[in-house]
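Q: Take the sequences, apply the hints, and build the full model.
There are 2 protein chains.
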Amino acid sequence: MNGMNSHGTDFAVPQGFKLAAAAAGIKNEGLDLGLIYSDRPAVAAAMFTRNAFPAAPVILCRKHLEQSGHSVRALLVNSGNANAANGEEGMAAARRCAEELASIAGCTPAEIFISSTGVIGRPLPADKICAAIPDLMRTMHGKTGDEFARAIMTTDTFPKVAGAEVRGAKILGFAKGAGMIHPNMATMLSFIITDARVDFPDLDNALRKSVDRSFHSISVDGDTSTNDTVLVLANGASGVSLSPAAFAGKLLEVCQDLAKKIVRDGEGATKFIELAIEGAPSDEEARHIGRTIARSPLVKTAIYGCDPNWGRLICAIGNAGVPLESERIDLFIDDIPLNGGDLKLASERMRSKEVLIRVSLHSGTGNARVWTCDLTEQYIRINADYTT
Amino acid sequence: MNGMNSHGTDFAVPQGFKLAAAAAGIKNEGLDLGLIYSDRPAVAAAMFTRNAFPAAPVILCRKHLEQSGHSVRALLVNSGNANAANGEEGMAAARRCAEELASIAGCTPAEIFISSTGVIGRPLPADKICAAIPDLMRTMHGKTGDEFARAIMTTDTFPKVAGAEVRGAKILGFAKGAGMIHPNMATMLSFIITDARVDFPDLDNALRKSVDRSFHSISVDGDTSTNDTVLVLANGASGVSLSPAAFAGKLLEVCQDLAKKIVRDGEGATKFIELAIEGAPSDEEARHIGRTIARSPLVKTAIYGCDPNWGRLICAIGNAGVPLESERIDLFIDDIPLNGGDLKLASERMRSKEVLIRVSLHSGTGNARVWTCDLTEQYIRINADYTT
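Protein chains in written order, with our numbering: chain L, 48 to 435; chain V, 48 to 435.
Derived by calculation from the structure, the hints in this document are not laboratory data. Check before you lean on any hint, since a few could be wrong.
[Unchecked claim] Simulated restraints on C-beta separations: (1) 59(L) - 381(V): 52 to 62 Å; (2) 409(L) - 113(V): 23 to 33 Å; (3) 330(L) - 186(V): 55 to 65 Å; (4) 331(L) - 368(V): 12 to 22 Å; (5) 106(L) - 246(V): 53 to 63 Å; (6) 291(V) - 114(L): 51 to 61 Å; (7) 398(L) - 72(V): 25 to 35 Å; (8) 330(L) - 256(V): 34 to 44 Å; (9) 185(L) - 401(V): 54 to 64 Å; (10) 368(V) - 293(L): 32 to 42 Å; (11) 432(V) - 181(L): 49 to 59 Å.
[What the hints assert, rightly or not] Beyond 12 Å from chain L on every Cβ pair, some chain V residues (computed): (12) 112; (13) 139; (14) 147; (15) 172; (16) 177; (17) 182; (18) 187; (19) 191; (20) 247; (21) 255; (22) 292; (23) 411.
Beta carbons: idealized from backbone N, C-alpha and C, even for Gly.
A: Shown next as structure tokens:
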């Protein structure tokens with residue numbers, strides 16, 4: 048789906064933050080290590096994977112945030128290796144990287160946030176990572192996050208950056224993740240930095256609400272991973288204090304922008320699909336129905352084939368297990384009715400690269416938007432041959 | 048996967064049953080209507096889809112079984128049209144077919160079992176079905192179920208029949224379903240007939256236990272449908288009474304045979320995958336873990352590509368949400384260790400059309416077997432263009 052949209056990466060870096068990227072040799076080629084540094088302690092809120100086997104950096108960072116009282120000075124992230132399912136050795140490797148960065152950055156290891164993405168079950172080359180840290184610290188700058196965004200890519204085909212500005216405070220967000228994406232934030236990393244002044248409870252609250260309506264509202268293939276992380280850092284360097292609602296609103300914008308970019312880059316995808324669920328008993332149930340549709344391979348292959356097979360939509364809705372008052376369900380592609388409508392016209396409209404499916408349930412006032420992509424032969428090709 | 052196994056259909060028909068098939072014009076060509084008739088009332092136990100929008104025949108048959116006290120004289124099943132999402136008209140069409148058959152078979156409509164499979168949301172051509180009933184009743188015979196098995200096929204590439212005999216009593220089972228298969232019995236129909244003498248509580252109990260370890264232990268694509276039905280009819284014509292355990296054991300064999308045939312015919316599949324889960328806290332949790340692996344597109348594409356990407360297995364196990372005592376998980380392809388093993392050897396073994404994956408969890412004595420298939424480009428092609 049390259050070229051479908053302009054995937055701009057040209058957003059201003061919030062004050063007090065510096066970024067860097069390096070080719071540390073973890074991947075065979077290209078940037079694979081990124082650093083974000085704050086010149087003062089930043090308030091940190093994070094959400095992690097719910098997978099029962101979280102990767103070593105996830106386990107370590109949960110501890111670090113507790114120990115440091117949710118304060119972070121620097122973030123180190125590598126692609127090419129997930130450091131997951133590596134047992135005690137994986138934990139030791141993650142700790143070693145954090146200690147190395149802490150000693151150079153002049154902070155405690157607990158103020159370091161470590162993140163990894165890539166293949167599961169291979170030893171993390173901590174030597175290569177530690178060797179690259181001095182260079183990262185020397186070359187970091189506050190001009191652009193473009194190279195950082197590239198360093199965290201795996202099967203992504205374009206870097207994912209989003210930004211916002213509100214009354215002099217800036218928000219800048221990065222994300223990676225193209226497959227293995229599902230509501231529980233599968234192999235998805237997102238790092239968001241802001242120079243707004245926000246205290247921890249407001250930051251944490253804003254993050255949780257935003258993630259529900261962004262990263263938790265997308266699906267590429269229904270799989271979830273061991274490494275998912277969303278981190279937001281607020282260092283207050285702008286001196287601007289926003290109302291919690293104003294900050295949360297802007298954070299949601301950035302998160303939704305990033306989440307949609309992940310879907311647009313869905314492995315093998317040819318279409319971006321927006322599901323608008325209306326008239327559910329509650330917003331949460333609307334979102335649940337949207338997610339159930341978004342993970343149906345039959346719906347996703349039908350959309351790929353421009354096949355207005357609305358029976359599969361009904362079937363997917365029925366599988367969500369949400370009790371509905373009305374037996375009547377109205378389905379639309381844009382404004383074209385699907386059930387009882389002109390299916391030839393609907394099929395033509397489905398040829399677009401952006402497909403809006405509206406589901407009207409007549410069972411309440413709950414609404415949700417969920418984003419997904421089609422399922423194609425190319426997804427199979429990409430994933431049938433990843434490690435070997 | 049044709050030719051991979053001999054999919055024999057040559058099993059003896061239990062006493063007192065007759066079968067027939069016809070090309071009623073519901074599909075564009077070929078057999079699309081099947082009849083099973085018992086010369087005396089048969090005890091009936093059934094399980095249906097858990098989809099919130101069950102098809103008209105499912106709603107009707109639930110009522111019929113209640114009204115008749117679980118007694119069935121004849122079963123009428125069509126392929127090519129699911130009679131789902133058709134509202135009141137769909138119910139009327141199903142009722143009309145049942146009434147027509149009842150009047151010719153000389154029983155009450157409540158003793159008729161109706162079933163449909165095919166495209167959702169298109170009016171059922173009840174005229175064509177009713178017109179074909181007299182011919183079905185005239186041509187039915189007790190020689191073979193081969194034509195009946197063919198009449199219920201949709202995207203199936205071969206008819207699915209299984210049989211067993213125990214101390215003079217026969218069991219004969221039919222199934223259809225190739226995509227949309229997941230533990231909740233998605234677009235899957237199975238009809239099993241026996242001339243053993245079994246009362247309703249034993250029949251119902253044996254069916255529920257067998258389905259858990261057969262049709263509920265397979266997955267093709269994780270999608271579930273509006274029409275799933277498993278029906279077992281026992282007419283007692285052999286005069287043979289079996290112990291409940293002996294009957295249940297044979298029924299399980301027939302159900303597992305049919306369930307595996309469905310997986311072998313998985314849409315676009317090139318490999319039959321058996322997942323053997325050992326050392327889970329309980330059998331049920333072992334089955335749940337097996338099902339979670341079986342619905343992971345990343346695992347299924349890796350197996351398609353003969354890629355021993357065991358990290359995806361670990362990840363899928365972690366997504367099952369089952370608390371495990373041990374952090375150690377041992378994974379094998381046959382007897383070749385995957386984590387810490389010779390991955391080249393494992394990849395070579397994966398070239399086989401039958402792949403056994405063993406998961407040893409070291410967290411208890413719970414075991415399960417789950418069957419699935421790989422996910423291929425061909426699955427996408429079949430499903431991107433089904434209705435149009």
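Q: In this structure, is the beta-carbon distance linking residue 106(L) and residue 246(V) contained in 53 to 63 Å?
A: holds, 56 Å
Q: For the pair residue 59(L) and residue 381(V), does the Cβ-Cβ distance stay inside 52 to 62 Å?
A: holds, 57 Å
Q: Between the beta carbons of residue 330(L) and residue 186(V), is the distance compatible with 55 to 65 Å?
A: holds, 56 Å
Q: Please verify that the nearest CB of chain L lies beyond 12 Å from residue 172(V)'s CB.
A: holds, 16 Å
Q: Given the hint of 12 to 22 Å, check if residue 331(L) and residue 368(V) actually sit that far apart at their C-beta atoms.
A: holds, 19 Å
Q: With 12 Å as the threshold, tell me whether residue 292(V) passes as away from chain L on beta-carbon distances.
A: With a cut-off of 12 Å, residue 292(V) remains clear of chain L, as the shortest Cβ separation is near 34 Å.
Q: So residue 247(V) supposedly isn't at the interface. Is its beta-carbon more than 12 Å from every beta-carbon in chain L?
A: About 29 Å separates residue 247(V) from the closest Cβ of chain L, which puts it past 12 Å; holds.
Q: May I ask you to check that residue 411(V) keeps its beta-carbon over 12 Å from the closest beta-carbon of chain L?
A: holds, 15 Å
Q: Closest CB-CB distance from residue 177(V) to chain L, is it above 12 Å?
A: Non-interface label on residue 177(V) holds, nearest chain L Cβ at 24 Å vs cutoff 12 Å.
Q: Once the closest CB in chain L is found, is it more than 12 Å from residue 187(V)?
A: holds, 31 Å
Q: Looking at residue 112(V) again, its CB stays over 12 Å from all of chain L?
A: Per Cβ check, residue 112(V) is outside 12 Å of chain L; nearest 21 Å; holds.
Q: Starting from the hint 51 to 61 Å, judge whether the C-beta atoms of residue 291(V) and residue 114(L) obey it.
A: Check passed, 60 Å falls within 51 to 61 Å.
Hint compliance for this structure: every hint is met.
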